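When you get a sec, could you build the whole thing from the sequences and use the hints?
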Amino acid sequence: MTTDHIRATEPNERGDGEFDADGIVPVAGAARPSGLVLPRYRHDDPDTHPPMLFPDYGSTNLRAPKQPLALLPQRLTEVTGPLLGEGRLGELDHDLTRQHAGEPQGQRIIVHGRVLDGNGRPVPHTLVEIWQPNAAGRYRHANDNWPAPLDPNFTGVGRTLTDADGHYRFVTVQPGAYPWRNHPNAWRPAHIHFSLFGQAFTQRLVTQMYFPGDPLFFQDPVFNSVRDPLARERLISRYDHSVTEPEWALGFEFDIVLRGREATPFEDGEDDD
Amino acid sequence: MTEHPDLTPTFGTGAAVSTDPTPVAGVALDPTPSLGSTPSQTVGPYLHIGLLWPDGPDVVPAGTPGAISIRGQVFDGAGAVVPDALVETWQADPDGRFDHPDDPRGARPAAVPGFRGFGRSATDADGRYEIRTVKPGALPDADGETEAPHLNLSIFARGLLHRLVTRLYFPDEEAANGTDPVLAAVDPARRATLVARPEPDGFRFDIHLQGPDETVFFAV
Numbered sequence: 001m002t003t004d005h006i007r008a009t010e011p012n013e014r015g016d017g018e019f020d021a022d023g024i025v026p027v028a029g030a031a032r033p034s035g036l037v038l039p040r041y042r043h044d045d046p047d048t049h050p051p052m053l054f055p056d057y058g059s060t061n062l063r064a065p066k067q068p069l070a071l072l073p074q075r076l077t078e079v080t081g082p083l084l085g086e087g088r089l090g091e092l093d094h095d096l097t098r099q100h101a102g103e104p105q106g107q108r109i110i111v112h113g114r115v116l117d118g119n120g121r122p123v124p125h126t127l128v129e130i131w132q133p134n135a136a137g138r139y140r141h142a143n144d145n146w147p148a149p150l151d152p153n154f155t156g157v158g159r160t161l162t163d164a165d166g167h168y169r170f171v172t173v174q175p176g177a178y179p180w181r182n183h184p185n186a187w188r189p190a191h192i193h194f195s196l197f198g199q200a201f202t203q204r205l206v207t208q209m210y211f212p213g214d215p216l217f218f219q220d221p222v223f224n225s226v227r228d229p230l231a232r233e234r235l236i237s238r239y240d241h242s243v244t245e246p247e248w249a250l251g252f253e254f255d256i257v258l259r260g261r262e263a264t265p266f267e268d269g270e271d272d273d
Numbered sequence: 001m002t003e004h005p006d007l008t009p010t011f012g013t014g015a016a017v018s019t020d021p022t023p024v025a026g027v028a029l030d031p032t033p034s035l036g037s038t039p040s041q042t043v044g045p046y047l048h049i050g051l052l053w054p055d056g057p058d059v060v061p062a063g064t065p066g067a068i069s070i071r072g073q074v075f076d077g078a079g080a081v082v083p084d085a086l087v088e089t090w091q092a093d094p095d096g097r098f099d100h101p102d103d104p105r106g107a108r109p110a111a112v113p114g115f116r117g118f119g120r121s122a123t124d125a126d127g128r129y130e131i132r133t134v135k136p137g138a139l140p141d142a143d144g145e146t147e148a149p150h151l152n153l154s155i156f157a158r159g160l161l162h163r164l165v166t167r168l169y170f171p172d173e174e175a176a177n178g179t180d181p182v183l184a185a186v187d188p189a190r191r192a193t194l195v196a197r198p199e200p201d202g203f204r205f206d207i208h209l210q211g212p213d214e215t216v217f218f219a220v
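Protein chains in written order, with full-length UniProt numbering: chain A, 1 to 273; chain B, 1 to 220.
Just so you know, these hints were derived from the structure itself, not from any lab. Note that the structure is a prediction, hence the values are computed from the model and not measured. Just so you know, not all the hints are guaranteed correct.
Claimed, not checked - Label-pair restraints from in silico Cβ distances:
hint : chain 1 : residue 1 : chain 2 : residue 2 : range
1    : A       : 180       : B       : 187       : 32 to 40 Å
2    : B       : 192       : A       : 216       : 42 to 50 Å
3    : B       : 79        : A       : 68        : 18 to 26 Å
4    : B       : 54        : A       : 241       : 33 to 41 Å
5    : A       : 120       : B       : 190       : 37 to 45 Å
6    : B       : 144       : A       : 47        : 35 to 43 Å
7    : A       : 101       : B       : 61        : 32 to 40 Å
8    : A       : 246       : B       : 130       : 44 to 52 Å
9    : A       : 183       : B       : 211       : 42 to 50 Å
To be verified - Residues from chain A shown here face chain B by an in silico Cβ test under 10 Å; the list is partial:
hint : residue
10   : 62
11   : 156
12   : 157
13   : 193
14   : 205
15   : 218
Unchecked claim - Computed footprint of chain B on chain A; a stretch qualifies when at least three of its residues, placed anywhere within it, have a C-beta under 8 Å from a C-beta of chain B:
hint : segment
16   : 40-50
17   : 70-81
18   : 106-120
19   : 124-132
20   : 232-239
21   : 242-251
Backbone N, C-alpha and C define an ideal beta-carbon position, used for all residues, glycine too.
Below is the structure:
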């Protein structure tokens with residue numbers, strides 16, 4: 001869509017600064033005119049996301065890369081991404097309480113919120129995928145066999161698209177906490193997994209939504225792997241009485257922020273500063 | 001939020017563009033509010049219930065002429081296979097185009113019917129993933145050069161608190177790979193980790209999360 005892009009007629013001056021995030025290697029080269037002007041997505045503050053290696057979470061030890069990450073400049077493959085639509089959705093994918101013959105056990109909840117970019121703009125018509133254990137804390141998964149009951153009326157999988165305003169809404173049940181073997185008497189706080197695509201490869205995000213006031217936070221290395229306490233708070237949903245439905249379900253609000261764009265477009269190839 | 005002084009835009013400060021102040025549609029030119037991103041968290045061991053689609057590995061439908069398989073294994077730092085990873089792929093169509101509004105050449109559907117550009121495959125008990133696709137075309141680069149045909153890969157797994165990003169290049173594109181700006185910036189000793197190996201019906205691309213053959217991973 002050429003109307004969305006400014007065509008540069010002269011090469012831009014090239015920033016020659018060194019990328020200062022931890023261990024990221026810049027790509028060398030010299031800019032020449034091309035006319036390919038692409039949006040560019042801001043890099044997050046390094047403490048927003050967990051480090052790859054977080055020894056308290058034992059599974060990172062053999063899986064986190066040891067070498068520093070190289071910087072991938074944002075070119076065509078990075079600023080585009082799959083725009084997945086209605087074809088991915090079943091009629092009841094947004095309501096995890098109506099996917100079986102009967103109702104699942106547990107506290108019925110409504111989880112809603114907006115998907116925004118870092119500039120505060122809604123991300124419309126984007127696919128949101130969720131999965132979770134049942135009210136007893138057990139996933140319907142062959143490898144989850146701790147002694148809590150399965151619920152024949154609960155799969156624990158949901159999908160929806162955000163609307164034009166970036167809003168999404170699921171009906172489900174409150175997931176239970178569950179034990180794991182990471183450390184003695186380890187329990188995961190109740191959470192719902194979220195997967196988001198946004199509009200570009202750069203915006204892809206998989207995260208977990210937690211519930212306010214969970215007493216298990218203190219001992220959970222996954223939650224605590226996020227070093228910035230303000231960023232960590234962004235993983236916790238908010239009880240939302242305005243969405244709670246009388247004699248029906250409790251409401252929780254969880255807004256999700258994907259990386260925002262620079263205010264000004266850049267000529268492709270200017271990513272190495 | 002982020003303070004990267006070096007990210008100060010140079011665009012708009014040069015004489016060449018100052019004559020055209022037309023704002024980009026939907027993008028304010030004044031300072032924009034900056035919200036902190038939601039942090040990443042691991043997919044955990046049970047991603048399969050939420051993220052697998054029956055047609056996940058089908059970047060193109062079965063029976064597509066010229067379709068290739070891209071397959072490989074994921075290994076951890078002890079050399080053990082990773083049986084609970086998810087590999088996602090994103091790529092241009094065979095003409096090097098994206099059906100996406102931010103492709104400045106214009107969004108248009110691929111000539112290949114049913115081409116989705118996106119694939120996802122979980123690894124099995126042997127750490128194997130596989131997708132079916134067609135080879136992407138080369139991409140224009142701002143420097144007037146081209147990016148060699150490539151796929152972007154995201155790897156998710158228990159023990160990965162954030163996705164890992166890498167690129168797959170093709171071994172039969174030696175000339176294009178030789179001038180690819182991303183490959184050129186990678187330590188030559190590790191460049192081979194980004195190049196797939198030929199197989200009779202496609203290509204093999206193993207991913208080593210750690211160890212002497214550690215794959216090159218990117219911050220994007």
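For each hint, the structure was consulted:
At roughly 37 Å, the beta-carbon separation of residue 180 of chain A and residue 187 of chain B lies within the given 32 to 40 Å, and the hint holds. Hint check: residue 192 of chain B to residue 216 of chain A, Cβ distance near 45 Å, so the stated range 42 to 50 Å holds. Judged by the Cβ atoms, the range 18 to 26 Å given for residue 79 of chain B and residue 68 of chain A holds: they are separated by roughly 22 Å. Hint check: residue 54 of chain B to residue 241 of chain A, Cβ distance near 39 Å, so the stated range 33 to 41 Å holds.
Residue 120 of chain A and residue 190 of chain B have their C-beta atoms about 39 Å apart, which keeps the hinted 37 to 45 Å range intact. Between residue 144 of chain B and residue 47 of chain A, the C-beta spacing of about 38 Å keeps the proposed range 35 to 43 Å intact. Between residue 101 of chain A and residue 61 of chain B the beta carbon distance is about 33 Å. The supplied range of 32 to 40 Å therefore holds. Between residue 246 of chain A and residue 130 of chain B the beta carbon distance is about 50 Å. The supplied range of 44 to 52 Å therefore holds.
Restraint check, residue 183 of chain A to residue 211 of chain B: a C-beta distance of roughly 26 Å breaks the suggested window 42 to 50 Å. At a threshold of 10 Å, the smallest CB-CB gap from residue 62 of chain A to chain B is about 4 Å, leaving the interface hint in force. Given hint, residue 156 of chain A at the interface with chain B, holds; its Cβ is 6 Å from that chain's nearest Cβ, closer than 10 Å. Using the Cβ-Cβ criterion of 10 Å, the hint placing residue 157 of chain A at the interface with chain B is satisfied: the shortest such distance is roughly 5 Å.
Interface hint status for residue 193 of chain A: upheld, as the beta-carbon distance to the closest one in chain B is roughly 6 Å, under 10 Å. Because the smallest distance between the Cβ of residue 205 of chain A and any Cβ of chain B comes to about 6 Å, under 10 Å, the interface hint for this residue holds. Nearest Cβ of chain B to the Cβ of residue 218 of chain A: about 17 Å, over the 10 Å cut. The hint is violated. Residues of the segment 40-50 of chain A lying with their CB closer than 8 Å to a CB of chain B number 7, which satisfies the three-residue condition for coverage.
Residue count for the segment 70-81 of chain A with a Cβ under 8 Å from a Cβ of chain B: 12. That meets the three needed, and the coverage hint holds. Residue count for the segment 106-120 of chain A with a Cβ under 8 Å from a Cβ of chain B: 5. That meets the three needed, and the coverage hint holds. Figure legend: the segment 124-132 of chain A, annotated as covered by chain B; annotation consistent (3 residues with Cβ-Cβ distances under 8 Å, at least 3 required). Coverage of the segment 232-239 of chain A by chain B holds in this model, with 3 residues showing a Cβ closer than 8 Å to a Cβ of that chain against a need of three.
Only residues whose beta carbon comes within less than 8 Å of a beta carbon in chain B count, and the segment 242-251 of chain A has 0; fewer than three means the coverage is violated.
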